[in-house]
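Letter by letter, the chains look like this.
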Amino acid sequence: MSQSPADLELSLDPSATHHPEPVNTGAAQSNTTDTQIADHAPSLTTHKIEQQRAQASRLMQALRDELEKALIGQTAVIEGVLCTFIAAGHVLIEGVPGLGKTLLVRALAQCFSGQFNRIQFTPDLMPSDVTGHAIYDLASEQFKLRKGPAFTHLLLADEINRAPAKTQAALLEVMQERSITLEGRSLLVPQPFMVLATQNPIEQEGTYPLPEAELDRFMVKLHIDYPQEQEEQRLVRAVTRSAQADMLENTALRVLLQPRDMQAIQKIASALPVDDQVLNYAVSLVRSTRQWPGLSSGAGPRASIDLIRYARAHALLQGHTFVSPDDVKRSALNILRHRVHLSVELAIEGLQVEQVLQQLLNQVPAPRL
Amino acid sequence: MHLNQVQVLLRPRNSWEAMDLGILLARRHAGLLMATWAAITLPFFVLLTLLFWQQPTLPALIIWWLKPAFERLPLHILSKALFANTPRFTDSIKAWPTLLKLQLLASLTWRRLSLRRSFTLPIQQFEGLAGAARQQRVLTLTHKYKQVPTWLTILGIHIEMALWLGMVVLLYLLIPAQLQADWSWSSLLTVSHSEWLWFEHLSNLLYVLVLIVWEPVYVACGFTLYLNRRIELEAWDIELAFQGLAQRLKNSPLLIVFALLCLFPYSDTALAQSAETEVISSASEELDTNGPRLLKQLLNSEQAQQSIKQILDAPPFKTYKITKSWHFNDPSSTEYTSPNWLNQLLKQLSFTIQSLLWLLLLVISVIMLWHYRQWLRAFAQQRQPRQQYNPAPKQRVLGLEVSSDSLPDDLVASAHTLWSDNPRAALSLLYRGLLNHLLEVQALPLSTAHTEDEVLAMSQNLPKPLQCYSQQLTVHWKNLAWGQQTLNHAEFVQLCTDWQQLQSQEAKP
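Chains as they are written, first to last, in this note's numbering: chain A, 1 to 369; chain B, 370 to 878.
One or more of the hints may lead you astray.
DEER-style ranges, computed between Cβ atoms [to be verified]:
1. Q352(A) <-> Y541(B): 27 to 37 Å
2. S724(B) <-> H341(A): 34 to 44 Å
3. Q841(B) <-> R241(A): 41 to 51 Å
Which residues of chain A face chain B? A partial, calculated answer using Cβ under 10 Å [to be verified]:
4. R260
5. D275
6. Q277
7. G319
8. T321
9. V323
10. V328
11. V364
Quick caveat, the hints were computed from the structure, so don't treat them as lab data.
All C-beta atoms, glycine included, are put in the ideal place defined by N, C-alpha and C.
Construct the complete structure from the given sequences, taking the supplied hints into account.
Next comes the structure, spelled out in structure tokens:
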């Protein structure tokens with residue numbers, strides 16, 4: 001990106017954006033169509049919306065380029081994390097150690113001037129270590145609430161499968177309700193809020209696999225793979241150039257976003273028009289996982305909702321002004337990967353979930369007009 | 370046949386000893402046997418390989434099938450060598466075509482798969498029998514050796530395979546470790562067939578080389594088995610011993626006269642010609658042990674014979690054992706005949722059961738044919754030309770009708786007409802025209818699941834003008850279809866003229 005930071009400073013106050021209709025969340029918002037916007041809104045407002053959309057796209061693309069400086073050779077994962085952030089979801093990143101999962105999250109936190117907390121999950125981690133607890137203050141002779149690390153914008157749950165189910169469940173409420181109940185009081189976490197959990201596919205000994213309910217709460221599951229040879233050469237060259245051990249300490253990343261900007265971008269993305277045909281295509285993709293021969297269990301309606309929200313974010317990141325079937329198709333793998341189960345026969349044959357899903361994507365008809 | 374010229378010691382051996390002799394024989398003439406075998410098989414193999422370069426299995430199969438024809442030559446050489454008349458290399462090769470004349474068709478067809486091939490080949494080649502006579506002869510000769518030739522062949526198959534695999538593994542071991550690192554069974558199985566033709570031909574060659582070593586041994590073993598059987602049946606060893614005796618006694622006429630005297634009683638012609646006939650005949654009468662003799666003694670011959678017979682009939686000379694078993698009713702015996710009605714009934718019953726069994730067989734085969742009809746059809750269709758496999762062109766892509774029939778003849782004119790009322794339909798028509806072109810003229814493998822961007826990605830290798838046009842049209846189409854962003858009239862007209870230009874450019878060359 002060639003823009004200077006000055007170009008990118010936006011007045012993206014969520015209260016300042018005027019949408020022609022109230023922005024809903026969940027399934028209801030998928031009824032929004034561009035024709036409705038075009039018909040009801042004055043042309044001046046339409047123009048403003050378009051401008052804001054373009055600005056939001058540029059800002060997110062700049063953020064992507066900035067992250068690519070820190071995490072070399074993982075464009076797909078960076079895009080996945082950004083899309084999830086735009087779509088206000090949570091992300092589960094899976095990969096072998098040493099691929100920069102934690103680095104990515106730290107870089108994102110650095111570009112985004114919100115708060116960032118990290119919890120290293122261990123077998124003896126207690127729920128109160130995540131959410132917080134009340135302690136007795138001797139000076140004031142009163143109980144005082146000490147908020148846990150979950151009260152933040154970006155929460156990195158490192159190696160989430162190392163903690164027992166009790167602690168994992170403490171995250172459930174935060175992820176779904178975006179609030180934490182402490183001492184009978186429900187406390188909201190700051191907005192925007194995103195949980196980035198990492199887990200290690202090998203070394204399964206002494207781990208607690210995430211239960212289905214918790215997996216479903218993650219909008220996407222991303223696979224972080226080894227970088228290409230040239231990318232890895234570039235990476236090693238860049239890191240070993242200085243005495244610093246870490247990439248982040250090498251490259252100074254610019255702060256591009258305020259929490260308020262992010263909330264505005266999330267609203268803009270959720271207002272991106274989706275044609276009914278495209279929405280039906282997304283639903284039919286998710287529905288077909290339920291009867292697909294190679295899958296023993298399919299994805300629920302939450303997957304359809306997340307697919308549309310993620311496709312909107314994807315379209316925004318690509319600079320599109322509407323959601324096309326391509327956005328849906330490209331998002332489907334990330335959304336569905338952790339929500340379906342391979343049938344036993346195929347698992348024995350050594351097939352991966354991705355292969356079966358790819359087959360499904362290649363066979364479900366794209367939308368007709 | 371002069372038995373005194375035989376180069377081996379003639380004596381009855383057991384079967385394995387006989388085969389050992391065969392190996393010894395093959396080893397003694399190894400050079401000639403292997404050279405002649407190589408001289409007839411190798412050129413033939415090279416010719417087959419050149420002919421069937423694309424079907425690497427055929428040369429090996431044909432060589433294997435023609436083995437009985439090639440085996441006649443080693444057998445010929447061995448038979449000559451046995452009587453110290455070892456032929457020279459050129460003579461052997463010249464003799465081969467004449468050897469082929471005898472019952473070649475039978476050897477290569479219904480006798481090809483016989484496991485006793487090595488043993489029956491000498492019967493066929495040396496005795497030249499055919500039909501029932503051959504059958505009888507084979508029965509006589511194989512009476513004692515029912516299993517041995519079969520086991521020899523089975524052993525031979527294993528030796529051939531072991532040697533062949535050994536050669537392949539040896540070649541594999543000779544590959545440098547650096548090259549070898551990338552080899553794995555799965556990659557060997559999945560590589561395309563054509564890249565491995567040379568490998569298959571190489572393994573064929575190894576098989577032919579293995580045959581050069583093994584086949585003479587196999588033929589020699591079969592030959593000595595045959596020889597051994599004839600030694601046993603025709604007592605060649607005794608004959609040879611007599612011949613040796615005769616040789617030794619040649620120079621002493623007195624002994625010959627004695628021998629003749631000994632032999633006279635058994636010779637009718639001698640009786641007629643000799644002067645001392647009567648004396649001898651009376652002597653021979655006296656020698657007849659069956660008639661009553663020595664009647665004047667206390668113990669005459671009759672009594673003696675009786676007591677001898679008694680002793681011989683009692684144990685340990687003879688043991689009687691009573692065994693009971695079921696036998697088929699012998700029609701000639703009159704001990705018991707079942708009543709006529711029972712015979713009739715049994716006959717009817719057996720006929721019915723037989724008919725039912727045949728019917729069952731027929732029904733089962735019909736059911737099997739019906740059950741595997743798909744499989745059989747697929748099997749039969751493999752031989753048909755490939756054109757039949759080309760699927761009919763796709764009718765729908767992205768949910769649009771794209772077949773030629775569904776499009777108007779003049780696409781641009783129709784689009785122009787539609788434009789004023791329904792711009793969406795007009796652009797849709799243009800896009801369908803493009804898809805139809807990509808599908809039918811450029812033969813891109815489009816399917817219903819492909820989205821616009823995927824179609825665009827697939828058209829990367831197309832000619833530049835077409836690629837640019839598809840890019841423009843796709844952008845406009847997506848904007849209109851999914852973003853409800855209408856394009857203006859000028860852009861539409863531009864798209865139409867571009868399409869016409871493309872069509873005219875393609876029509877020119």
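Taking the hints in turn, this is what the structure says about them:
no.: 1; hint: Q352(A) <-> Y541(B): 27 to 37 Å; verdict: holds (33 Å)
no.: 2; hint: S724(B) <-> H341(A): 34 to 44 Å; verdict: violated (58 Å)
no.: 3; hint: Q841(B) <-> R241(A): 41 to 51 Å; verdict: holds (45 Å)
no.: 4; hint: R260; verdict: violated (28 Å)
no.: 5; hint: D275; verdict: holds (5 Å)
no.: 6; hint: Q277; verdict: holds (8 Å)
no.: 7; hint: G319; verdict: violated (13 Å)
no.: 8; hint: T321; verdict: holds (6 Å)
no.: 9; hint: V323; verdict: holds (7 Å)
no.: 10; hint: V328; verdict: holds (8 Å)
no.: 11; hint: V364; verdict: holds (6 Å)
Consistency note: the structure conflicts with the earlier hints numbered 2, 4, 7.
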